[in-house]
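K.L.:
Listed below are the residues making up each chain.
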Amino acid sequence: MDNQFLVTSSPHVRSEFRIERIMLDVVIALIPALIAGTIFFGIRALMLTIISVATAVLTEYVIEVLTHKEITIDDFSAVVTGMLVAFNVPPTVPWWIPAVGSFFAIAIVKMCFGGIGNNFVNPALAARAFLLASWPVQMTTWTTPGAVDGVSSATPLAILKGSEAVGAQLPSLWSMFVGNIGGTIGETSALALLIGAAYLLYRRVINLRIPLSFIITVGVITWIFGPNGLFTGQFMYHILGGGLILGAFFMATDYPTSPVTPLGQIIMGIGCGLLTSVIRLWGGYPEGVSYSILIMNMVTPLIDRYTMPKVFGTGEVKKVA
Amino acid sequence: MCAQILTFKGGVHPHYNKELTNRLPIERMPVPDEVVIPLSQHTGAPCEPIVKAGDEVKLGQKIGEAKGFVSVPVHSSVSGKVKAVEPRMHPSGRFVNSVVIENDHLDTLDESVKPKGDLEDLSADDIKNIIKEAGIAGMGGAAFPTHVKLSPPPDKSVDTVIINGAECEPYLTCDHRLMVEHPEMIVFGLRAILKALGVKRGYIAIEINKPDAIEAMEKAASGIDGVEVVRLATKYPQGGEKQLIKAVTGREVPSGGLPADVGVVVDNVGTSHAIARAIKEGMPLVERIVTVTGQAVKNPKNLLVRIGTMLKDLVEYCGGFNGEPGKLITGGPMMGITQFTLELPVIKGTSGILILPEELTKPEKIRPCTRCAKCVDVCPMNLMPLFISAYALNNDFNTAEKYHALDCIECGSCSYICPCNRPLVESIRLAKREILAKRRKQA
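So the sequence lines, in the order shown, correspond to chains Y and C.
Using full-length UniProt numbering, the letters of the first sequence correspond one by one to residues 1 to 321.
Using full-length UniProt numbering, the letters of the second sequence correspond one by one to residues 1 to 443.
Each hint should be verified, as a subset may be incorrect.
Unchecked claim - If we take Cβ atoms under 7 Å as the criterion, some of the chain C residues that face chain Y in the derived model are:
#1 Pro14
#2 Lys18
#3 Thr43
#4 Lys327
#5 Ile366
#6 Arg371
#7 Met381
#8 Tyr416
Unchecked claim - List of simulated lysine-lysine pairs, DSSO-like, C-alpha gap at most 27 Å:
#9 Lys362(C) to Lys69(Y)
#10 Lys83(C) to Lys67(C)
#11 Lys438(C) to Lys310(Y)
Honestly, the hints are just simulated from the structure, not real lab data.
The beta-carbon is built from N, C-alpha and C at its ideal position, and this holds for glycine as well.
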């Protein structure tokens, strides 16, 4: 009967919740949007995504080999970053743009700061900002879905802003909902993104605090400050246009770069929404989701610090009846 | 009757695995040829032995005298001859002075074991004295001397007693079976506790995954003034003292405080049963129900076992191992303690022996924290385990203290849910120890 029993501290059972499964769930949740992107923009969108993912995974692997660190590509987080980088570029960019973006996201933003969990901004969004600053023409050349290569068009938000393509018609809300509009590979189909988001909510990978407060804030502000006076804004176009749905559900909810406290998560969402609305309505740039998330990423430690939940038993003592 | 389902904020839903034993009636295990009775089975000062090698002892005879107020005596669980009084291995991991008794299998009762009379005729002090003399300590695991709980300081006015029948630890079913099979004894024990405290209101709180126990307890409690059975959500750690009080009364035990601070005393169903036996039969706490369970036990059972029986005997009685055992745990899988040997006695706080198979206990890869915030969501104390743990692992115990490390109840929900397999509660436990050690040094 004498056996070698393993001696450890409790608890002795663990949930089935695993980080690699969570990341795989995010990959699964992004697939509907990838399919939509491929349908609207052609096989090129899929190719760019594959290049982006391959670069992300390879970059992480090579850096870990070179620095003699544990290989962590099996946690699928590099796959998620690669997909999100591709989702954030227009379908017309040269193939090396997502590759450079993914390399930047993994090598500089993620690995330089210590790998998974230690990056202080969202790697895919930092890559988008980097690409936009470095290759502004390629990164803002949009095509209408199904159009011949090279025929450029404007995004709905650019039309709303009136900054370019004066006289262009706004697409119908239905087109915006299914994604039949100009935009980046992954952001155009609200329908596909919401299917993925529903899956993440069902799997309890994310909760609604950040996405909902983000989207509602954008909706309310863009409605109040409309082009023809107060309460005339076309808020549905702001909600469905640009990267809001993608950003709210898939990027602002990024674990390492968003607050851990329930109140902090709501503040994060509202902050992102405010910044996005300000950039879109009064800034010189029709989009604003990525920059607003990046800015909120950087105040995340501060938010956590000031939104500590009230510890059980530290409130007012309820008097004995 | 109140059909409302009560609960608290946070917590987790582990696999309960209670079906291994929850339908099996309590079985009386044959008394072994030898028992080893440690002189410390409770929180507080150890007992002083009052027998020596060669002495004849009877069943129920006091063999260890309590030293001080926060202490309870120890009794012989068999009749026979004392073989030795010597340090033996104890489930706490230490060597503890223990009385080894050779059983003569006659179960000759000690003269002191006789009914204590009607509850109506006993005063509050009589009841507390009976409870102390019967060596009763909390049977939910912590083994705090029960008479101390029943003697709150005069500045605390207790108005509610809760009998804890939540049994939220997975696998364990000893409380469940006790409620199904001896509900009237539990109710009697509750009445004694109410009388000892001079309190009118008593609740028996049970998780709704035990409908048969709820039914039995409701039947036994019907018609008794001020006693009510309440339903709790099935969620871990529903049976944690602070969570239970919050769920049942809505009161929050203050940080660093005791249940008496909000006017509540909580006792386990097993404790209540032991009190009933001490009054009705005069029998001190010499046996208890132990759930022997786990996928690595051939025939899991609920056993009525004499204190001092070796774990080895229990496992043998249950048919031995099923496959390769990985972990041997006294208590449940969430808060139980792993043991490295079966050569340990059953003590007053042994609610279960859980043997998990090797494949369920393989250590998993620990990954870096991704700040997923699951630990914050599940913490029943509203703490931020990821930060306390990070500071603890960096030896920054001062900051860990600022993040309320001492409020941790060590339920393990954070480590259970962590997708990166981080040692959260494990490191918070370390922080608590360091902080308390520092406080003692400064005092």
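K.L.:
State for each hint whether it applies.
P.N.:
Evaluation of the provided hints:
1. Pro14: For Pro14(C), the interface hint holds, since the closest Cβ of chain Y sits about 6 Å away, which is under 7 Å.
2. Lys18: This interface hint is violated because 13 Å lies over the 7 Å limit.
3. Thr43: 18 Å, violated
4. Lys327: Nearest chain Y Cβ about 5 Å off; hint holds.
5. Ile366: Ile366(C) check fails; min Cβ-Cβ to chain Y is 11 Å, beyond 7 Å.
6. Arg371: 5 Å, holds
7. Met381: 4 Å, holds
8. Tyr416: 5 Å, holds
9. Lys362(C) to Lys69(Y): 23 Å, holds
10. Lys83(C) to Lys67(C): Holds, because 23 Å separates the two Cα atoms, which is no more than 27 Å.
11. Lys438(C) to Lys310(Y): Holds: Lys438(C) and Lys310(Y) sit about 25 Å apart, inside 27 Å.
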